[in-house]
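Just so you know, the protein sequences line up as chains A, B and C, in that order.
Note that the first sequence covers residues -10 to 301 in this note's numbering.
Note that the second sequence covers residues 22 to 498 in this note's numbering.
Note that the third sequence covers residues 39 to 311 in this note's numbering.
The hints are simulated quantities; they were obtained by calculation from the structure and are not laboratory data.
Careful: at least some of the hints might be erroneous.
What the hints assert, rightly or not - Capping the alpha-carbon separation at 25 Å, the derived lysine to any residue pairs in SDA-like fashion look like this: (1) B/LYS171 / B/THR370; (2) B/LYS426 / C/GLU160; (3) B/LYS345 / C/HIS162; (4) B/LYS292 / A/GLU147; (5) B/LYS274 / C/GLU103; (6) B/LYS292 / A/ASP146; (7) B/LYS292 / A/PRO299; (8) B/LYS292 / A/ARG251; (9) B/LYS426 / C/ALA251; (10) B/LYS426 / B/GLU136; (11) B/LYS274 / A/ASP146; (12) B/LYS274 / C/ARG50; (13) B/LYS274 / A/GLU147; (14) B/LYS23 / B/VAL390.
Nothing here was measured: the structure is a model prediction, and the numbers come from that model.
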Amino acid sequence: MLSRTADSLYWMARYTERAENIARLMEVSYRMSLQMHGGGGYWGAALGITGLEAAYSAKHGEISANDVLRFMGTDFGNPSSILSCLKSARENCHAVRGTVTSEVWETINTTWLEARASATSLMQGDVSGSELTKYFEWVKFRSHLSRGVTVGTMLQDEAFHFIRLGTFLERADNTARLLDVKYDDLAPAEDARNEYYEWGALLRSLSSFEIYRKVYRDVITPNRVAELLILRDDMPRSLHACMKEVDQILGQVANARSAETRRMAGRVYSSLRYGRIDDILSVGLHDYLTDFLTNTANLGNRIAQDFLVPMA
Amino acid sequence: MKNIFDEMHAQKGGARTHYAQYQEWLGQMPAATIVQKRAEADSAFHRYGITFAVYGEGEGTERLIPFDIIPRIIPAAEWDKMERGLRQRVNALNMFLHDVYGEQRIIQAGLIPAEQVFCNAQYRPEMQGLAVRNNIYAHIAGIDIVRAAKPGQSAEEADYYVLEDNLRVPSGVSYMLENRRMMMRLFPELFGRYSVAPVEHYPDLLLDTLRQVAPAGVDDPTVVVLTPGAYNSAYFEHAFLAQQMGIELVEGKDMFVHDETLFMRTTQGPKRVDVIYRRIDDDFLDPLTFRADSALGVPGLLSVYREGRVTLANAVGTGVADDKSIYPYVPDMIRFYLSEEPIIANVPTFQCRKPDELSYTLANMKDLVVKETHGAGGYGMLVGPASTRQEIDDFKLRVQAQPDKYIAQPTLALSACPTFVESGVAPRHIDLRPFVLSGKEVRMAPGGLTRVALKAGSLVVNSSQGGGTKDTWVLGK
Amino acid sequence: MLLDIHHETTYRYAVPAAYSMQYVRLFPRTDGGQRILHWAIDSPGRRWRQTDAYGNQVYSMSLTETHDEIRILAYGQVETSDDRGLLLPHDSSVPPLAFALQTPLTATGPQIEKLAGAALGEAHGISVSSSDSLKALMGAVFQAVAYKKGATDVSATAAEALAQGKGVCQDMAHIFIAACRARGIPSRYVSGYLLTEDRDHTSSHAWAEAWVADAHRGNGAWLGFDITNNRLAGPELCRLAVGRDFMDAGPIRGMRLGGVDEKMHVRVAVAGQ
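Sequences and hints are given; from them, build the entire structure.
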């Protein structure tokens, strides 16, 4: 397959996943801001996760719920806003229309067209909470649909592999960022009630609140949350589950120069596969996650060099 | 104009023989069914994405080229002659290109003035002495044909003429294929009544042609389609043809040159490319040879081409044969290279660089179409019958100042074919673009793309100016 | 005259390049009264040699290894004819007429028309040129444009350089060519080396050749005009390549991927014997 085609498929998936993750982040931040009065800190943290504080403050200055929602939801000037991500996903998909099934193209194109239409009305004046929640729900739903239609209609060939590679690498990156910010910036909380809400919100943002209950049948503690989101291989958004897929896919698409990339992915995966939460915590979760994010970023660069944008 | 040939109805009344069954069938179709079928066609074209992008778009809005459900029918004998004429013409044009970039016999013979060729902006010195496989330059030619009566002739005397040769990157063949698919889907019963020559094998013919001209010594060539990208107005066609042929659709940035070889970047490493069906203009092919600002081409491509290690289809420099200033000489080329008389005539053309033809043009400008030889897109053109006296007088001054830059032709009454328009069925002017493929031999799918001017009285069939298309039926013998 | 030539071009990148492709025209022509005694080109990567349509020797060079420097060294000894104003017969399969067509760099304009009119008259066509009128044109361009390094860049058109009244040898050649073509006279660009004592002029040089239709008993011939020095081409010049303009005949045309912050360094030494 042409490298450029693989690149478009990979980024189509990454941007779709990223839009979903930002919707999740906005949703949880919004909910926290309602539950905790004076919850400005959560909006700041939300910007922190995406590394966009500077861009935001240059544009809006003071942090306000409305401005953050606009900035992250519908601002075309922000390349990481939900709307920008959906547009990029659509543009990448458009470039490879002949490679994906018409169902995949129609789903991604429709998502973009509808997002653009609803964003225009949504972001005028003050935003009502229920409208917003509906918008974020809708973004998540469309992302589920994109994934579903991909798995449900596409031949499991190289094109499919590169889509999945993008999805899982982006998701691993996002889970690690969410966990890092909540754990380091907010814990330990000043009182138990806050701690419950914070960790509960984190779990909800990753659709894992119920999973946590099911798995642990106990109160929410930071260490268990970390274990669930890092090491559980049956938890679909955990680092372990994501890297397992990444490792496997790199085995399927391997080429003459990708051995080192595969080794790197395998090393990250094994450390998750055989890792223990106590060891991780003794190193320090922040250091561990920083290391993980560096590894996935390097992995992304290596994948680009080996498969997606080789210079020669 | 009174002498317009109607493709369906004879002037003496009644349908022409080859349209009789169709007319009868159409007469029995309830109006509501027609409306419903037309809507069905529209929605299917939209769904399949058979659209052309509007420049600077990227917003998900794309335009549809209107499709008319009444076919243009060509009897077997007419096509037979036309096919022979096209083969002859394209052969001669390829021989001309080989001659221009080689021995230049036709110029030495004094049939075409040297300055018409070498001072033509479409002449590419880079091609001089560069060998191309099988001596074929225009592998894909789109020859625009009209049926028209000359001034003074009656409609029934109308004949086919070549209006223009397109030897650079002719487009439209995807519509020919999709129109047929659509007609078979909407009206399968018609294909039971008529024996219509199939066109669906065109992508196979095209791929086979491209494989035939692969560099010497390459047994199983890698063929690709080179597109300027997703925002080009003809991108749909590029993607469609690549998909139909089962080959990669590449952009310039997907390829690179190393060690006398052209490669494309794939997920499995560099892969050699042998034949490029290129849909970008000469100027953009190699920024180290032509326009330095081109990001659409491949740096170094011409060095691999010169080495004979990649085939470009069409070759570089074919524009020197389809330029308006060269068009008048095509009948002479046919006589010179093939020792045959042209089977399809040119539209009579006056070259203003010749004193007697200049004076004729100046005296009769109100009845003529005067064209600037290197002009394109209607720029520098005067349609006599549609111009004011002042406009004609102004234009005369321009022609007198630089006569060698102009040609003139009589205003032709293009034939018309019944077409669905808002008011019902009405005749609209049409032309025909057959696609002629040259590899080891010359082949073509029967018929071509029929374009129709949807505005009443309009002669402009171009899709960007309200033109539509029809399915073209060549009948079996 | 014997010319010893040593020409080194070095590109350095602050951030390395991953791929480079260049066309290199640094191999002297073997026509035009010059003879190569020996010549060599040192360069990295893969290369292949071709004769282009104009009869120039072109090396295509590709480099796929990461690199932060490209060094191209051309050196050798060339013997040039001692005659000045040598009439050269046509020498390639591109007919002289093809050099009468304007290119973007040699497009005409009001100032060029004026220059052409004064020196060449108003008549138009391949046969109107004579060496006297062409010499007059060379003088007029020499008067109109002051030699000044850095006044223009390589993409400057003839009309732009003439409007400025300043330029380098490349610009003067383009203006001369543009004026010839404005009258339908075939004219072409020549790049090469110049033996010079004058430190203001580099030893890499450009000049022009015009088609003198009545030369060689009406067969026509190319005559070289070193406009920068206002004299006919002579033994001090070594011809590397000819073409319609700088784009065809410039010594190196290339592109790269990556390789941010390019610095080019050229060192040419020409010594006469």
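I'd like to know which numbered hints this structure contradicts. Please list them from smallest to largest.
Those not satisfied: there are none.
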